[in-house]
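S.K.: Given next are the chains, with one letter for each unit.
Protein chains: 2
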Amino acid sequence: MSLVLTSLCRTESTVCRHSTAFTRAFSSNTSKKRFRSSSHQETKQFRWKLAAAASGAVVGMVTYNYIQNKPDLTFLRKSVQAKSDPVYSSADVAQHADKQSGIWVTYQDSVYDITGFVESHPGGEKILMGAGGPIDAFWNMYAVHKTPEVLQILEQYRIGKLSRRDQKAINLNDPFANEPFRLPVLRINSQKPFNAEPPLEVLTDSFITPNELFYVRNHLPVPDFDLENFKLEVLVGGRKLALSVDEIKKKYKPVTITTTIQCAGNRRQEMSQYQNVKGLTWGACAIGTARWTGVRLRDILLDAGFDLNDNRFKHIQFNGNDKDITKSSYGGSIPKHKAMSIDGDVIIAYKMNGVDIPRDHGYPLRVIVPGYVGARNVKWLHQVVASDEESSSHWQRNDYKVFSPSTTFETADYKKAQSIQEMPVISAISTPAEGSKVESDDGVIEVKGYAWSGGGRDIIRVDVSADGGKTWKEANLVKDKPGADDSTHSWAWSLWNAEVEVTPGKKTEIVCKAIDSAYNCQPEFIGPIWNLRGFLTNAWHRISVEVEDDE
Amino acid sequence: MSLVLTSLCRTESTVCRHSTAFTRAFSSNTSKKRFRSSSHQETKQFRWKLAAAASGAVVGMVTYNYIQNKPDLTFLRKSVQAKSDPVYSSADVAQHADKQSGIWVTYQDSVYDITGFVESHPGGEKILMGAGGPIDAFWNMYAVHKTPEVLQILEQYRIGKLSRRDQKAINLNDPFANEPFRLPVLRINSQKPFNAEPPLEVLTDSFITPNELFYVRNHLPVPDFDLENFKLEVLVGGRKLALSVDEIKKKYKPVTITTTIQCAGNRRQEMSQYQNVKGLTWGACAIGTARWTGVRLRDILLDAGFDLNDNRFKHIQFNGNDKDITKSSYGGSIPKHKAMSIDGDVIIAYKMNGVDIPRDHGYPLRVIVPGYVGARNVKWLHQVVASDEESSSHWQRNDYKVFSPSTTFETADYKKAQSIQEMPVISAISTPAEGSKVESDDGVIEVKGYAWSGGGRDIIRVDVSADGGKTWKEANLVKDKPGADDSTHSWAWSLWNAEVEVTPGKKTEIVCKAIDSAYNCQPEFIGPIWNLRGFLTNAWHRISVEVEDDE
Numbered sequence: 043m044s045l046v047l048t049s050l051c052r053t054e055s056t057v058c059r060h061s062t063a064f065t066r067a068f069s070s071n072t073s074k075k076r077f078r079s080s081s082h083q084e085t086k087q088f089r090w091k092l093a094a095a096a097s098g099a100v101v102g103m104v105t106y107n108y109i110q111n112k113p114d115l116t117f118l119r120k121s122v123q124a125k126s127d128p129v130y131s132s133a134d135v136a137q138h139a140d141k142q143s144g145i146w147v148t149y150q151d152s153v154y155d156i157t158g159f160v161e162s163h164p165g166g167e168k169i170l171m172g173a174g175g176p177i178d179a180f181w182n183m184y185a186v187h188k189t190p191e192v193l194q195i196l197e198q199y200r201i202g203k204l205s206r207r208d209q210k211a212i213n214l215n216d217p218f219a220n221e222p223f224r225l226p227v228l229r230i231n232s233q234k235p236f237n238a239e240p241p242l243e244v245l246t247d248s249f250i251t252p253n254e255l256f257y258v259r260n261h262l263p264v265p266d267f268d269l270e271n272f273k274l275e276v277l278v279g280g281r282k283l284a285l286s287v288d289e290i291k292k293k294y295k296p297v298t299i300t301t302t303i304q305c306a307g308n309r310r311q312e313m314s315q316y317q318n319v320k321g322l323t324w325g326a327c328a329i330g331t332a333r334w335t336g337v338r339l340r341d342i343l344l345d346a347g348f349d350l351n352d353n354r355f356k357h358i359q360f361n362g363n364d365k366d367i368t369k370s371s372y373g374g375s376i377p378k379h380k381a382m383s384i385d386g387d388v389i390i391a392y393k394m395n396g397v398d399i400p401r402d403h404g405y406p407l408r409v410i411v412p413g414y415v416g417a418r419n420v421k422w423l424h425q426v427v428a429s430d431e432e433s434s435s436h437w438q439r440n441d442y443k444v445f446s447p448s449t450t451f452e453t454a455d456y457k458k459a460q461s462i463q464e465m466p467v468i469s470a471i472s473t474p475a476e477g478s479k480v481e482s483d484d485g486v487i488e489v490k491g492y493a494w495s496g497g498g499r500d501i502i503r504v505d506v507s508a509d510g511g512k513t514w515k516e517a518n519l520v521k522d523k524p525g526a527d528d529s530t531h532s533w534a535w536s537l538w539n540a541e542v543e544v545t546p547g548k549k550t551e552i553v554c555k556a557i558d559s560a561y562n563c564q565p566e567f568i569g570p571i572w573n574l575r576g577f578l579t580n581a582w583h584r585i586s587v588e589v590e591d592d593e
Numbered sequence: 043m044s045l046v047l048t049s050l051c052r053t054e055s056t057v058c059r060h061s062t063a064f065t066r067a068f069s070s071n072t073s074k075k076r077f078r079s080s081s082h083q084e085t086k087q088f089r090w091k092l093a094a095a096a097s098g099a100v101v102g103m104v105t106y107n108y109i110q111n112k113p114d115l116t117f118l119r120k121s122v123q124a125k126s127d128p129v130y131s132s133a134d135v136a137q138h139a140d141k142q143s144g145i146w147v148t149y150q151d152s153v154y155d156i157t158g159f160v161e162s163h164p165g166g167e168k169i170l171m172g173a174g175g176p177i178d179a180f181w182n183m184y185a186v187h188k189t190p191e192v193l194q195i196l197e198q199y200r201i202g203k204l205s206r207r208d209q210k211a212i213n214l215n216d217p218f219a220n221e222p223f224r225l226p227v228l229r230i231n232s233q234k235p236f237n238a239e240p241p242l243e244v245l246t247d248s249f250i251t252p253n254e255l256f257y258v259r260n261h262l263p264v265p266d267f268d269l270e271n272f273k274l275e276v277l278v279g280g281r282k283l284a285l286s287v288d289e290i291k292k293k294y295k296p297v298t299i300t301t302t303i304q305c306a307g308n309r310r311q312e313m314s315q316y317q318n319v320k321g322l323t324w325g326a327c328a329i330g331t332a333r334w335t336g337v338r339l340r341d342i343l344l345d346a347g348f349d350l351n352d353n354r355f356k357h358i359q360f361n362g363n364d365k366d367i368t369k370s371s372y373g374g375s376i377p378k379h380k381a382m383s384i385d386g387d388v389i390i391a392y393k394m395n396g397v398d399i400p401r402d403h404g405y406p407l408r409v410i411v412p413g414y415v416g417a418r419n420v421k422w423l424h425q426v427v428a429s430d431e432e433s434s435s436h437w438q439r440n441d442y443k444v445f446s447p448s449t450t451f452e453t454a455d456y457k458k459a460q461s462i463q464e465m466p467v468i469s470a471i472s473t474p475a476e477g478s479k480v481e482s483d484d485g486v487i488e489v490k491g492y493a494w495s496g497g498g499r500d501i502i503r504v505d506v507s508a509d510g511g512k513t514w515k516e517a518n519l520v521k522d523k524p525g526a527d528d529s530t531h532s533w534a535w536s537l538w539n540a541e542v543e544v545t546p547g548k549k550t551e552i553v554c555k556a557i558d559s560a561y562n563c564q565p566e567f568i569g570p571i572w573n574l575r576g577f578l579t580n581a582w583h584r585i586s587v588e589v590e591d592d593e
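Chains as they are written, first to last, in my numbering: chain A, 43 to 593; chain B, 43 to 593.
Heads up, a few of these hints could be off.
Identical chains share a label here; the pair holds if one copy fits it or two copies do between them.
Unchecked claim - Here are the simulated DSS-like cross-link-like pairs (lysine-lysine), alpha carbons at most 27 Å apart as the crow flies:
hint: 1; residue 1: 320; residue 2: 369
hint: 2; residue 1: 356; residue 2: 295
hint: 3; residue 1: 548; residue 2: 203
hint: 4; residue 1: 458; residue 2: 521
hint: 5; residue 1: 458; residue 2: 512
hint: 6; residue 1: 356; residue 2: 458
hint: 7; residue 1: 523; residue 2: 458
hint: 8; residue 1: 523; residue 2: 356
hint: 9; residue 1: 457; residue 2: 512
hint: 10; residue 1: 369; residue 2: 210
hint: 11; residue 1: 515; residue 2: 457
hint: 12; residue 1: 523; residue 2: 457
hint: 13; residue 1: 515; residue 2: 458
hint: 14; residue 1: 320; residue 2: 188
hint: 15; residue 1: 320; residue 2: 515
hint: 16; residue 1: 320; residue 2: 512
Worth flagging that the hints you see were computed from the coordinates, not collected in a lab.
Here chain A stands alone, though its shape is the one from the complex (with noise of 0.2 Å):
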């Protein structure tokens, strides 16, 4: 059982280990329907793009939000349990909120005696926090306990009910009531905090992503926000800057940076099914590619005092106005040399794709940090601190880092680590879909992706192989990349296609493979780059197909 805020570190590691079994289960019944239909590629691309177009109108369509807001204990409840209830007040529960006389809370109209359960909580003493009294406001906030294996386990430990009284004055009210608006054609991979991504068959249909389809990664609520009262504050040493949106707009110059901006965990589901590992399932689409407006980080900088001699500065940190139950805030750092190089073009945006950044994108300020992992592109940004030290959010030191395949939870040293940052060259093949089928009738088919690479190096080959990788067809990068703007290297994506040649009537596997400007290459298998925590999938993009002749 996992119960009231599991620690924060251990947040999207939950939803992984409760979710990923009721994933695919349920994946193997409608999802699989959806994404690996067996219909013609043409006519499900159609219904994708009439469906992210209508998407208001999009009803009944299935929206995997397995998770519910309240979901109902009852099912689990064993009726005879039920008649003999014993009924405790609020005051009964909260004098058990030590392990001298036992931990005791409440969910929902329920009593629980979790003492022989608090020593295993996965989120450690944290738990603690919930001791005594109602853990619903918790749960609400770290919404990934409530699956039904965590609930089921929850129930092994009822003694009785809350009184009807109590009940009423529970604050059940909700963090995640105020979230934006979000078009159902998105694969959710978490309700709360909110993470989705596109369906991969549209992605690589335009070099710039569309906003409403750009993957969501939240770690957190989307906070409201009162623009009118808020001033993004800069820390240098002693020095303060409080600058409000229009101040930022008027006093630096604008620039736009066309960047690709990628979560760590895009195809962790691969490396899932390879070896478990602890993670929401992304599929290929937690990547996207925008053009961001805003201001030079380095000019903001140097305008708050910053002094590029000055080495008592390491790194730069970042505070989201996204809150946990603590109130403290999301944050992530990236070292000075990025922040103040010219050419690393890092910007405070307040534009994504010529409007206002939305709600799930980081209104008003994102941090753009363009070649480095989406974590560090930080959103709803409210602060900026220059330090010797790393963010100390559990995002900058105890999450984002990868371990050799043979690194255990046990033993992994997360001190020693690096966090990622400048993100290894990756690809994917977005048409046709896995398990297809597709027609041929001359024995050629058009096989189409993304290819990108961290640090502003280019992709300088793609190779597509139909046979398993015995021999390769050089793709055709795609040259057209709309819009000349002020990046100084390549940070956005290439889309690419290729014909390659097939034999009908035989399943076919097809792999691709990027190659990048320092000539990095991707790994060949997932085995050797296996993580914990299921990051940085790059292996070789495998996909099957069965080809038919279209004769």
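Could you slot chain B onto chain A? The hints should help.
M.R.: Chain B alone, transformed into the frame defined by chain A:
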């Protein structure tokens, strides 16, 4: 047969084509005795060090100089032919200098009618430069022709003798007559031009590679140098700056940059073993680390009038003072952003590890381009040119490019492929040596090696496996990187060591792979990165050892 000036574009290729078979036959005898000795490691290392220290006194050691200056052709010549030899004068030969009258050439004391060969010359029409005259001077320059195989082919076209008087008139001046002294301990891959690497066992004994043990990769003869009259020429648009070495030292701020330089062909031997490639057969030691002192290229270019906002200039070209027979020099170029970026750390160096740069490494000036392929670190620098295009040099346009594994010499499109610039992540095991017997009384052996990545990306982890990659042990990265300098990035390699568990009495495969700070990793196998020129062999390094019980 490969004759006169087989075009610069084939120089290195030809060395390999003709020498590989020979080298292999050779290494199966003598070299194996030295490099794959079954004696204990420590004894071997001692021997190497002794050899290095007492270099001058190493007499009678195998030198690999299989290409002699004046190979004796008589052993190839049929005696019956010799008796009835017609004698021709230079004037006779000169009358056969076009396809109509036939193409005759002379070499040493003989006359050859090579009309039937011209069409199939790998270097194309350039062979005609020797038509109607002696090819001795060309072959002295392109000594790669001087293999038994090429000489044997030439003999097939022999038609007679050159008159004694005309033999004397031929200028046999050897452009390699004034090469510097080199340690006999170096393993020579090609004598003319000189290409050699240190033994693997000593390479990783120090973070800084001693100048005398630093691999040498020369494309042409080492030039003589008239320091008195030398001026470095810097051309920016219509402006020209000319600087003596002393002026460079006085005018600009000196900086010291510690960087690893690696040849694109490092570890080519392994790729060649997988499937034949064209190029010098380098082991794993065409890599080394030195502290270079000089001045920033950026400072010189700005002084010469380079305007950072002038978008006419996209590349900075470098020309060396080493010249081929047509008097055109070795050249290369790098993109403007690398040259002009403050943290690109590109310098024009005059010192290597605290002393004047040795002749073999570029005396008096060499460009140092940290994190880039060795080929752009142009030696004997005499000219810097701001340009809108890459260097027109053969080595920039038609060499140092990588193709897909399925690309052949017939399908290779050099115009489309990107020049190698930044280098990918690589590592190698230096101890124990391949094929050696190692002792272990506790089931543990020590493994040592190097790891490096280009672009200033640090090595963050090295994984070592003693079961071919099933399980991994994280190596210790040697933190001792002596000497603070002006480097803005991690340009230098990481040395590492690890204790791995082995089973005495068994043949064991030891494998290493490195991960850089962008979490790029090495490919597992050579197959998917194989390329016809054998560049960038950065697959996992694998060695086989026999573990003996020490008790």
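S.K.: Could you run down the list of hints and mark each one as holding or not?
M.R.: Outcome of the hint check:
{"no.": "1", "hint": "320 - 369", "verdict": "within (25 Å within a copy, 63 Å between copies)"}
{"no.": "2", "hint": "356 - 295", "verdict": "both (25 Å within a copy, 25 Å between copies)"}
{"no.": "3", "hint": "548 - 203", "verdict": "neither (61 Å within a copy, 66 Å between copies)"}
{"no.": "4", "hint": "458 - 521", "verdict": "between (41 Å within a copy, 13 Å between copies)"}
{"no.": "5", "hint": "458 - 512", "verdict": "between (39 Å within a copy, 23 Å between copies)"}
{"no.": "6", "hint": "356 - 458", "verdict": "within (18 Å within a copy, 40 Å between copies)"}
{"no.": "7", "hint": "523 - 458", "verdict": "between (40 Å within a copy, 18 Å between copies)"}
{"no.": "8", "hint": "523 - 356", "verdict": "between (35 Å within a copy, 20 Å between copies)"}
{"no.": "9", "hint": "457 - 512", "verdict": "between (41 Å within a copy, 25 Å between copies)"}
{"no.": "10", "hint": "369 - 210", "verdict": "within (25 Å within a copy, 94 Å between copies)"}
{"no.": "11", "hint": "515 - 457", "verdict": "between (43 Å within a copy, 18 Å between copies)"}
{"no.": "12", "hint": "523 - 457", "verdict": "between (40 Å within a copy, 21 Å between copies)"}
{"no.": "13", "hint": "515 - 458", "verdict": "between (41 Å within a copy, 15 Å between copies)"}
{"no.": "14", "hint": "320 - 188", "verdict": "within (17 Å within a copy, 62 Å between copies)"}
{"no.": "15", "hint": "320 - 515", "verdict": "between (35 Å within a copy, 22 Å between copies)"}
{"no.": "16", "hint": "320 - 512", "verdict": "between (33 Å within a copy, 21 Å between copies)"}
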